[in-house]
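Student: Chain residues, written in single-letter form:
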Amino acid sequence: MNYEAVIGLEVHVQALTASKMFCACANRFGAEPNTLVCPVCLGYPGALPVMNAEAVKKTIEIGLMCGCAIALRSKFDRKSYFYPDMPKNYQISQYDLPLCGLGHLAVGGKGFSGDPLPDKVIGITRIHLEEDVGKLNHFGRSSGVDYNRAGVPLMEVVSEPDMRSADEAYAYLTVLKQICEYAGVSSCDMEKGQMRCDVNVSVRPVGETKLGTKIEIKNLNSFRSVHRSLLYEIERQTEAVRAGEKLRQETRRWDDALGQTFVMRVKEQAHDYRYFPEPDLMPVVLDEAQVAAWRAALPEAPEARRARFVADCQVTPYDAHVLTLEKPLADYFEAAAKAAGHPKLTANWIITELLRELGEKNLTIDTCPIPPAAFGKLIALVAGGAITGKSAKDVFAEMFASGKAPEVIVQEKGLQQVNDSGAILAFVDQAIAASPKAVEEYRAGKTATIQFLVGQVMKLSRGKSNPQTVLALLKEKLG
Amino acid sequence: MTELWKLTLAEAAAALEAGRCSAHDLCASLLGRVRAADPQVQAFLTLDETAVLAAADASDARRRAGRSLSRFDGVPLAIKDNLSVAGQPCGCASKILNGYTAPYDATAMGRLREDGFIPFGRVNMDEFAMGSTTENSGIRPTLNPWDTSRVPGGSSGGSAAAVAAGMAPAALGSDTGGSIRQPAGFCGVVGLKPTYGLVSRYGLVAFASSLDQIGPLARTVEDAAILLDGMCGHDPMDSTSLPGRHGGYAAALAEADVRGLRIGLPKEYFEVAGLAPEVRQAVENMAAALEQRGARRVEVTLPRSKYAIATYYIIATAEASANLARFDGIRYGARAHDADDLLATYRQTRARGFGDEVKRRIILGTYVLSSGYYDAYYLRAQKARTLIRQDFEAAYRECDVILAPVAPTPAPRRGELSDPLQMYLADIYTISVNLAGICGISVPCAVTNTGLPVGLQLIGPALGETRLLQTARIVEQAAALGVRFPNL
Numbered sequence: 001m002n003y004e005a006v007i008g009l010e011v012h013v014q015a016l017t018a019s020k021m022f023c024a025c026a027n028r029f030g031a032e033p034n035t036l037v038c039p040v041c042l043g044y045p046g047a048l049p050v051m052n053a054e055a056v057k058k059t060i061e062i063g064l065m066c067g068c069a070i071a072l073r074s075k076f077d078r079k080s081y082f083y084p085d086m087p088k089n090y091q092i093s094q095y096d097l098p099l100c101g102l103g104h105l106a107v108g109g110k111g112f113s114g115d116p117l118p119d120k121v122i123g124i125t126r127i128h129l130e131e132d133v134g135k136l137n138h139f140g141r142s143s144g145v146d147y148n149r150a151g152v153p154l155m156e157v158v159s160e161p162d163m164r165s166a167d168e169a170y171a172y173l174t175v176l177k178q179i180c181e182y183a184g185v186s187s188c189d190m191e192k193g194q195m196r197c198d199v200n201v202s203v204r205p206v207g208e209t210k211l212g213t214k215i216e217i218k219n220l221n222s223f224r225s226v227h228r229s230l231l232y233e234i235e236r237q238t239e240a241v242r243a244g245e246k247l248r249q250e251t252r253r254w255d256d257a258l259g260q261t262f263v264m265r266v267k268e269q270a271h272d273y274r275y276f277p278e279p280d281l282m283p284v285v286l287d288e289a290q291v292a293a294w295r296a297a298l299p300e301a302p303e304a305r306r307a308r309f310v311a312d313c314q315v316t317p318y319d320a321h322v323l324t325l326e327k328p329l330a331d332y333f334e335a336a337a338k339a340a341g342h343p344k345l346t347a348n349w350i351i352t353e354l355l356r357e358l359g360e361k362n363l364t365i366d367t368c369p370i371p372p373a374a375f376g377k378l379i380a381l382v383a384g385g386a387i388t389g390k391s392a393k394d395v396f397a398e399m400f401a402s403g404k405a406p407e408v409i410v411q412e413k414g415l416q417q418v419n420d421s422g423a424i425l426a427f428v429d430q431a432i433a434a435s436p437k438a439v440e441e442y443r444a445g446k447t448a449t450i451q452f453l454v455g456q457v458m459k460l461s462r463g464k465s466n467p468q469t470v471l472a473l474l475k476e477k478l479g
Numbered sequence: 001m002t003e004l005w006k007l008t009l010a011e012a013a014a015a016l017e018a019g020r021c022s023a024h025d026l027c028a029s030l031l032g033r034v035r036a037a038d039p040q041v042q043a044f045l046t047l048d049e050t051a052v053l054a055a056a057d058a059s060d061a062r063r064r065a066g067r068s069l070s071r072f073d074g075v076p077l078a079i080k081d082n083l084s085v086a087g088q089p090c091g092c093a094s095k096i097l098n099g100y101t102a103p104y105d106a107t108a109m110g111r112l113r114e115d116g117f118i119p120f121g122r123v124n125m126d127e128f129a130m131g132s133t134t135e136n137s138g139i140r141p142t143l144n145p146w147d148t149s150r151v152p153g154g155s156s157g158g159s160a161a162a163v164a165a166g167m168a169p170a171a172l173g174s175d176t177g178g179s180i181r182q183p184a185g186f187c188g189v190v191g192l193k194p195t196y197g198l199v200s201r202y203g204l205v206a207f208a209s210s211l212d213q214i215g216p217l218a219r220t221v222e223d224a225a226i227l228l229d230g231m232c233g234h235d236p237m238d239s240t241s242l243p244g245r246h247g248g249y250a251a252a253l254a255e256a257d258v259r260g261l262r263i264g265l266p267k268e269y270f271e272v273a274g275l276a277p278e279v280r281q282a283v284e285n286m287a288a289a290l291e292q293r294g295a296r297r298v299e300v301t302l303p304r305s306k307y308a309i310a311t312y313y314i315i316a317t318a319e320a321s322a323n324l325a326r327f328d329g330i331r332y333g334a335r336a337h338d339a340d341d342l343l344a345t346y347r348q349t350r351a352r353g354f355g356d357e358v359k360r361r362i363i364l365g366t367y368v369l370s371s372g373y374y375d376a377y378y379l380r381a382q383k384a385r386t387l388i389r390q391d392f393e394a395a396y397r398e399c400d401v402i403l404a405p406v407a408p409t410p411a412p413r414r415g416e417l418s419d420p421l422q423m424y425l426a427d428i429y430t431i432s433v434n435l436a437g438i439c440g441i442s443v444p445c446a447v448t449n450t451g452l453p454v455g456l457q458l459i460g461p462a463l464g465e466t467r468l469l470q471t472a473r474i475v476e477q478a479a480a481l482g483v484r485f486p487n488l
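Chains as they are written, first to last, in this note's numbering: chain P, 1 to 479; chain H, 1 to 488.
Source of the hints: derived by calculation from the structure; they are not laboratory data.
Cβ coordinates follow ideal geometry from the N, Cα and C atoms, glycine included.
Careful: at least some of the hints might be erroneous.
Said to hold, decoys possible - Straight-line alpha carbon distances no greater than 27 Å define the calculated DSS-like cross-link-like pairs of lysine-lysine that follow:
1) P:Lys75 x H:Lys383
2) P:Lys475 x P:Lys437
3) P:Lys390 x P:Lys338
4) P:Lys267 x P:Lys79
5) P:Lys377 x P:Lys390
6) P:Lys110 x P:Lys361
7) H:Lys383 x P:Lys79
8) P:Lys218 x P:Lys246
9) H:Lys359 x P:Lys79
What the hints assert, rightly or not - To spell it out: a stretch of chain P is covered by chain H in this simulated footprint if at least three of its residues, at any positions, have a beta carbon under 8 Å from a beta carbon of chain H; those stretches are:
10) 38-49
11) 81-87
12) 173-179
What the hints assert, rightly or not - Distance ranges between label pairs, derived from CB positions:
13) P:Asp287 x H:Asp419: 45 to 55 Å
14) P:Thr367 x H:Arg67: 55 to 65 Å
15) H:Ser418 x P:Leu258: 52 to 62 Å
Start from the sequences and build out the full structure, keeping to the hints where you can.
Tutor: Shown next, in the form of structure tokens:
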């Protein structure tokens, strides 16, 4: 019997706001522990929460990007459980009236394994807004809590159990991250905890419509560990079910070093969160006009941008997918293509040269030493015939290293393409004289040999000769 | 002027303004009265004499320089132990907050400090405001200054006792189900519970967030109105605080008049078993006195009153169970340092830190919110609350102000309300007001033949404070009890 996995994700995304969810403390990563705190986010006696309207707007924006139904009336609830990272021992969250209801995300491209994925739509159950908790640090025999993160606005995006493979889960996360970045609602840096993910996974025989026993996986700190843990867990569950074992509903912890999941708690140990409406806050009431205004001001969605790149820039659908994966890259491409005047050539150069170089140097597009306008200028020089493609690669390397403008490098190194037939003819004569064997072969009908002679001319002219002119002159000379 | 401690708030302000006394003299006189009377009453938990006199000296210096913050600059106020005053302890009369110092001012406190009022000690209460006698204080009980074998009421028992005994011209308290009005009634002072949202709750340690309100306790209606003027108004730090401008309550007292006023007497309130004859008589007498002054008496009905106590103890305990979760010894307060692990730290800290009544209510609140019970208890209680509010709305179509007892009896003897259920039932006249979010005031209206004060409660619609206080002023005049201080 064949089995299939059923996967749903709960993704927590920190909203990019100036201040925390319910107080005026800064929402900022990396400060000294417990320096971004006040009586409100520390849960001091008598302190009260006041809602951050910007966080609500950001949550609605991501909901609109995901095609969610927006609730015009929503509310906050208290979720009770004891843990030292939570100052009040209850979290202000949303229970039955979240800001965003049903929506969806289209996934495609390639999975983590590199295999292409068919286009698919993953349902979104809801998106709600809550406050983040502090961070525990363990030092030998004691522990400390840093409450800088406590109270940071946190959006929870809950998917439908629509994914069937680790690759699909990976693709969903990629698209969700992409959308959050496009909308400017979050920085989504997983290393800084700005994006965190819990996975629900079960297996069932193919064709079965009932869901299997749900297992939740926690402690997933990267897209890679989501993918790995799913591969592991799907295999573990499938083997267990095949062996006739009955699975328990439980929460498991992923150990990245060991590459395994371990039981954290079983269903009977689950918390009773005792949700009830937060009496310190008023219901959130939005009016239709406000939501419409936010909708109108949304940035272009990645999907739409992809389509536009294909239609207007003559790039392939796959290149468009790569260029739009991250908003900064898509922005870079657009700025560079505008400066170059040749979008297709710009796309090729970005994908083959720039991304490779960034990868090798461990840089991102945000830390790229070449500004997009300068990169576009380089493409313009190639396209206009001012330098050869070969020289351009040297110029690119120099730009990457020194940050100098391409024209300056071309001047300094004397790389201007030689288009003057007289000057090239001298190199042609020199090459013919130096390669009698090749000349003979060409004349005997082995016409491909001419490429060797072109290469010789280019070498003699240090790559500066216009290759078309060289070819024409050679053909003329050799009759 | 040898007995400055006897001055009301308004009298003290006038004396200061006229230069008849200094804030230093006023505070010194009150400190002397506290030394004499408080050993018998035990209203104060802490009172930093040096800090009080330093604040008084600063006020006097401002006044000499012509830079007084207001005409009340230099008037001291006793503060209930659940209101944050920056730099002072705020222990809610609980062992669990032992060692905690508040880092900020409650908004209401801050506004009064901006007018120059001086925080004058921390006064006792039932632990976390849970109780009706101040016997549930985690520190020590407070006694009724008129008869120390009796309770002062609660939970703002320290506030009421301090004001009644002349140890402070006025005090701040909080009222979740009658915690200002009932002790005011038992101690013979004025106690006002404002409309929910009129005074910011920021800095009031929450018991039941949807019911709590800060309010004044004073010896005159005018003093209560002055303090409400100083505290009320929108606060951006409290999302439940009402928008708009409010105030002018003290000034409006000059136009106090009950001619044509419709006084509603809820028939259910006089059918309560256990309503003491002297209390019934006092209310009847006052209704008659108001009629004589031109008011019209109407019978009204509040048919859902019988559900009020059950409704209240579900909602209040549910909210309290979450509000009090933060007291775990991790960030502030007393911690069980001998506990072996996290769970033991929570358990032992809370087992040792909370008293029985607080534990009882946390358990009750946890239970009613538990999975499978929420709909049967919390959800139904919220529906009952709506019906209770609607009862009042209907009643206010028939009348302008409701007249009611504050409690079924005058101050009970110590230990008399030791059965929790009996104690809860004694809240029958006050808790509906909190559930409905409206305003109520307790005004002394009689003295029993054993010398115990009897309070009268006036209940007004939401934001009906102006008429409520005006009516209270007429009650105060009609009662004509004069200035009385217990012999201490």
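Student: A separate judgement is required for each hint: does it hold in the structure or not?
Tutor: Okay, the hints, checked on the actual structure:
no., hint, verdict
1, P:Lys75 x H:Lys383, "holds (18 Å)"
2, P:Lys475 x P:Lys437, "holds (16 Å)"
3, P:Lys390 x P:Lys338, "holds (23 Å)"
4, P:Lys267 x P:Lys79, "holds (18 Å)"
5, P:Lys377 x P:Lys390, "holds (16 Å)"
6, P:Lys110 x P:Lys361, "holds (24 Å)"
7, H:Lys383 x P:Lys79, "holds (22 Å)"
8, P:Lys218 x P:Lys246, "holds (22 Å)"
9, H:Lys359 x P:Lys79, "holds (20 Å)"
10, 38-49, "holds (count 9)"
11, 81-87, "holds (count 3)"
12, 173-179, "violated (count 0)"
13, P:Asp287 x H:Asp419: 45 to 55 Å, "holds (52 Å)"
14, P:Thr367 x H:Arg67: 55 to 65 Å, "holds (57 Å)"
15, H:Ser418 x P:Leu258: 52 to 62 Å, "holds (59 Å)"
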